[in-house]
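2 protein chains.
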Amino acid sequence: MKISGLAERAGVALSTLKYYQREGLVPEGVHRNANQVDYDETHVQRLRLIRALLEVGGLSMAGAKDVLRTLDDAAKPLAETFEIAQAALARRRPSSAASTTSTAARSRVHHLAQSRGWCISDENPGLEVAAEAIEGMLAIKHEPSPEYLDAYADAAEAAARADLQALSLLSEQDQIAELMVVGTVLGDPLFAGLRRLAQQDATREMFSTTTTPQEPPS
Amino acid sequence: MKISGLAERAGVALSTLKYYQREGLVPEGVHRNANQVDYDETHVQRLRLIRALLEVGGLSMAGAKDVLRTLDDAAKPLAETFEIAQAALARRRPSSAASTTSTAARSRVHHLAQSRGWCISDENPGLEVAAEAIEGMLAIKHEPSPEYLDAYADAAEAAARADLQALSLLSEQDQIAELMVVGTVLGDPLFAGLRRLAQQDATREMFSTTTTPQEPPS
Chain A
1 MKISGLAERA GVALSTLKYY QREGLVPEGV HRNANQVDYD ETHVQRLRLI
51 RALLEVGGLS MAGAKDVLRT LDDAAKPLAE TFEIAQAALA RRRPSSAAST
101 TSTAARSRVH HLAQSRGWCI SDENPGLEVA AEAIEGMLAI KHEPSPEYLD
151 AYADAAEAAA RADLQALSLL SEQDQIAELM VVGTVLGDPL FAGLRRLAQQ
201 DATREMFSTT TTPQEPPS
Chain B
1 MKISGLAERA GVALSTLKYY QREGLVPEGV HRNANQVDYD ETHVQRLRLI
51 RALLEVGGLS MAGAKDVLRT LDDAAKPLAE TFEIAQAALA RRRPSSAAST
101 TSTAARSRVH HLAQSRGWCI SDENPGLEVA AEAIEGMLAI KHEPSPEYLD
151 AYADAAEAAA RADLQALSLL SEQDQIAELM VVGTVLGDPL FAGLRRLAQQ
201 DATREMFSTT TTPQEPPS
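Line by line, the protein sequences give chains A and B. Quick note on our numbering: the first sequence kicks off at 1 and runs consecutively. Quick note on our numbering: the second sequence kicks off at 1 and runs consecutively.
Since the hints were derived computationally from the structure, they do not count as laboratory data. Possibly wrong hints are sitting among the right ones.
Given that identical chains are not distinguished, each listed pair holds provided it fits within a single copy or across any two copies.
Unchecked claim - Calculated lysine-lysine pairs in the BS3-like style (CA-CA distance at most 30 Å, straight line):
hint	residue 1	residue 2
1	K2	K76
2	K141	K2
3	K2	K65
4	K18	K76
5	K141	K65
6	K65	K76
7	K18	K141
8	K76	K141
Bear in mind the structure is a predicted one, so any value in this text is a computation, not a measurement.
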């Protein structure tokens, strides 16, 4: 297909597609002649993946580049791919240049990780992300209870197990790397979306908004 | 305290604080005389809450305004506060103007919600958020398994229950509204951070990066 067809299939503006090409995110097409370059399904898939990383995953351009470069490098060990995906995710947030959280918030996360017996490194970006969330709760003078934090830790463990379970069903190294990256990025919005749904279902009973139905005019 | 002290206490630049004031996000201080306006702890708390909503929660300025206005309106029913928090969260993402997901992705979310027996409205922004995440998985030709989706739905339900449990322990209406908003916004990054930690712990065994330890020089 032509470049215009590719843009349409992937749902991106032609100018955006050309920008991605200049940035080296999309592999070159096949040059048929001086005026025509051909693209195929692999280009459509790649563009959809870029959209997912940028729009849904909220990655920065630099983060998406890192992730795609890692995916294209079959020699990278899988654990490294995971780390790069995690680091790209950490960078998507504006305030991650330096640790801005209080000792109080960070110590709650460390304590939680310790109580779960999690074996983690001090560089794991999740420490700062979770601490920032707790910091926001402390800012409104709400101390998250141990039960609340444990429920979230349970949820996180269950999701992490499901992530690894999905990976374990794949046999090709490049498929594993791809799902590792995409699953790391997209697992968060998947949870966020489902949590909104579960909240609505659960609140329905707790805080009823039901008003008395209007009598039909007789 | 003076405005410079307030900025310092809340960890925001003075120019940023003045911007928030112009936007009406921060209540006015007490005018002592023509040259001095006094601020107190309530202003510090409010600024920390604004930072949490914008920086950690990733809300847009308009979203944060809606949320703060709702919090300041004691007459709003709680279910409505919840809806406004959810809507503000939905708006933080650039591509939410219209539904951009495929029928395939959306039908998987509807099917999942149905199989869980969730009673939800078609306007719940979580539907689109979850569908976009699934769309990204389908883009790399990865079909999320029913077990995977169920694990995430379990996690979402557990988190939603913990959210409501925390709310049920409060008695003051304004405290409930505040936690409802902040918890809705910050529960996502809390989960995201903890999931990174749980992933690292779980991957340690699955994909070992351990290199042979160096012998100490003898």
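Legend entry - Hints violated by the structure (numbers, ascending): Hint 1 alone not satisfied by this model.
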